[in-house]
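Chemist: Sequence:
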Amino acid sequence: MVRPASEFSWDKPHGNRSVRSAQLAAIDLDTDGPEWIPCTVSIYDYLWAKYRDDLKDLVLAHPFIFGTKPKIPADYDHVSPAHRKGEYVDNWGCKWKVSKTGYSGLVVESPLADWSNFETFNPKALAEPLVYDERGTRNLLAWAIENYARRDRDIIRPIHGGRLFDRLYFLRGFNNLMGDIARDHPRVTQLVEMLQNVRMAQLDSYFKFVEEHPDEHFIDIVHFHTDIGTQDRLMISPRKFRKHVKPLFMALFQRCRRDGARVYLSSDGNLLSIVKDLIECGVSVHDPQERACTIRGIKQAYKGKICVDLDLDRQIFPFATPDQLDRKIKRAVMELDGPQGGLMMKAEIADDNVPLENIEAICTAFEKYCM
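For the sequence shown, the residue numbers in this note's numbering are 1 to 371.
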């Protein structure tokens, strides 16, 4: 899932290390390890509409999680346009339908459902990749510099590298793309190359600016999104991944690593069968889902090899008791943390059925086991 608009960051040091240095120690598997486990709680817009001042009080009561100056919405009822009930067309020409306000939608019309459209395909995001992002219009370079790459900020701010595999099935249609990959359709290679060219142009602009302004700006990490997993396996076989998708990952991620930036790959689903491939491509940190991968599976595939930003099982957040949530977070820390770090944790509160007491329990458990 895409991160919500209301995502908070820390802005104060803890112990002898700043937030940034603790995060980097965890990501880099630092010899000394971080003094505490970096953790985040992300709250979707719709929960603010439901809980309002009660949620504000909760956020203010947990500065370790949300920072000393958290971003409280000025309008509790505001919902980002992409999460309002209805339909819209993104800057790649994909038509989305949102069935319930506060939730992400589904692509219902894909511009490349018919391959005959490929030769003339020229959406805004392809024509001007530094002006048009996924949905809106902005100077992406200026925005990235202002919000993510300032040296005077002591927190990690990733440059966003954009969507990867998920953008492919948005453009072609999920069933169509699965069939194309199964048959090794030659258009798949062309589609991947088109996306790679757009993403590489964005990266080149970011790194060129940093190179020209070395005393003022830098990039810690580049964040890519690529939902490619289901609840128990990849959407495609590991062999097909290595043939059609891994070269894209390798090109973009190594571009980042050559300029000293780390790579954060966000992908829902079970990716256990390709963790070694992700490491080879240059991924520094991945956010495996607890439910899809299991703590045992994550421990075997990731621990000591690549940093985990554990995506806690949000499907139980509406139903678990506070004590159950406490025990789950404690177990995750006990199983996945190590002397060299390699563990971060996050809880995405995406369902407005999550009780306020459960959000409180997650924050309290993070403070208990991650500090």
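Mixed in with the good hints, there may be bad ones.
Calculated pairs, DMTMM-like style, for lysine to aspartate or glutamate (alpha carbon to alpha carbon, straight line, at most 25 Å) [said to hold, decoys possible]:
#1 246 / 212
#2 330 / 87
#3 208 / 227
#4 124 / 166
#5 85 / 166
#6 243 / 119
#7 305 / 335
#8 330 / 313
#9 100 / 166
#10 71 / 352
#11 97 / 166
#12 71 / 351
#13 69 / 277
#14 208 / 180
#15 50 / 32
#16 100 / 114
#17 56 / 277
Listed next, with one range per pair, are the computed distances between beta-carbon atoms [as the list claims (entries may be wrong)]:
#18 201 / 357: 42 to 50 Å
#19 72 / 175: 20 to 28 Å
#20 254 / 327: 26 to 34 Å
#21 190 / 108: 20 to 28 Å
#22 88 / 117: 44 to 52 Å
#23 81 / 297: 17 to 25 Å
Because the hints were derived from the structure by calculation, they are not lab data.
For clarity, every value in this text was computed on a predicted model and none was experimentally measured.
Note that beta-carbon positions come from the ideal geometry of N, C-alpha and C, so glycine has one too.
Chemist: Does each hint fit the structure? Answer for all of them.
Modeler: Going down the list of hints, with the structure as the test:
Of the supplied pair hints, the one linking residue 246 and residue 212 is violated, its CA atoms being roughly 31 Å apart against a limit of 25 Å. This hinted pair does not check out: residue 330 and residue 87 have alpha carbons roughly 41 Å apart, beyond 25 Å. About 28 Å separates the Cα atoms of residue 208 and residue 227, which puts this hinted pair outside 25 Å; it is violated. Distance check on the hinted pair: residue 124 and residue 166 sit about 18 Å apart at the alpha-carbon level, within 25 Å; holds.
Taking the CA atoms of residue 85 and residue 166, the gap is near 22 Å; set against the 25 Å cutoff, the hint holds. A threshold of 25 Å between alpha carbons decides the hint, and for residue 243 with residue 119 the separation of about 23 Å falls inside it, so the pair holds. As the CA atoms of residue 305 and residue 335 are separated by approximately 15 Å, the hinted pair is consistent with the 25 Å bound. Distance hint between residue 330 and residue 313 is fulfilled; the C-alpha atoms sit about 14 Å from each other, no more than 25 Å.
Proximity of residue 100 to residue 166 is assessed by CA-CA distance (about 21 Å); at most 25 Å being required, the pair is judged to hold. Taking the CA atoms of residue 71 and residue 352, the gap is about 19 Å. The hint holds against a cut of 25 Å. A C-alpha spacing of about 16 Å is found between residue 97 and residue 166, which places the hinted pair at or below 25 Å, so the restraint holds. A distance of roughly 20 Å separates the Cα atoms of residue 71 and residue 351; the hinted pair therefore holds under the 25 Å criterion.
Between residue 69 and residue 277, the direct Cα distance comes to roughly 39 Å. Violation of the 25 Å bound is thereby established for this hinted pair. Of the pairs offered as hints, the one joining residue 208 and residue 180 is violated, with about 36 Å between alpha carbons and a cut-off of 25 Å exceeded. Note on residue 50 and residue 32: the hinted pairing is violated, with a Cα-Cα distance of about 43 Å set against a maximum of 25 Å. Of the pairs offered as hints, the one joining residue 100 and residue 114 is violated, with about 29 Å between alpha carbons and a cut-off of 25 Å exceeded.
Among the hinted pairs, residue 56 with residue 277 is inconsistent with the structure: their alpha-carbon atoms are about 42 Å apart, more than 25 Å. For residue 201 and residue 357, the Cβ-Cβ distance of about 47 Å falls inside the hinted range of 42 to 50 Å, so the restraint holds. Checked against the given bound of 20 to 28 Å, the beta carbons of residue 72 and residue 175, roughly 42 Å apart, lie outside it. Between residue 254 and residue 327 the beta carbon distance is about 40 Å. The supplied range of 26 to 34 Å is therefore violated.
Restraint check, residue 190 to residue 108: a C-beta distance of roughly 24 Å satisfies the suggested window 20 to 28 Å. A hinted range of 44 to 52 Å is violated for the C-beta pair residue 88 and residue 117, which are about 20 Å apart. A beta carbon spacing of about 37 Å between residue 81 and residue 297 contradicts the range 17 to 25 Å that was offered as a hint.
Taken one by one, the earlier hints fail for this structure at numbers 1, 2, 3, 13, 14, 15, 16, 17, 19, 20, 22 and 23, listed in ascending order.
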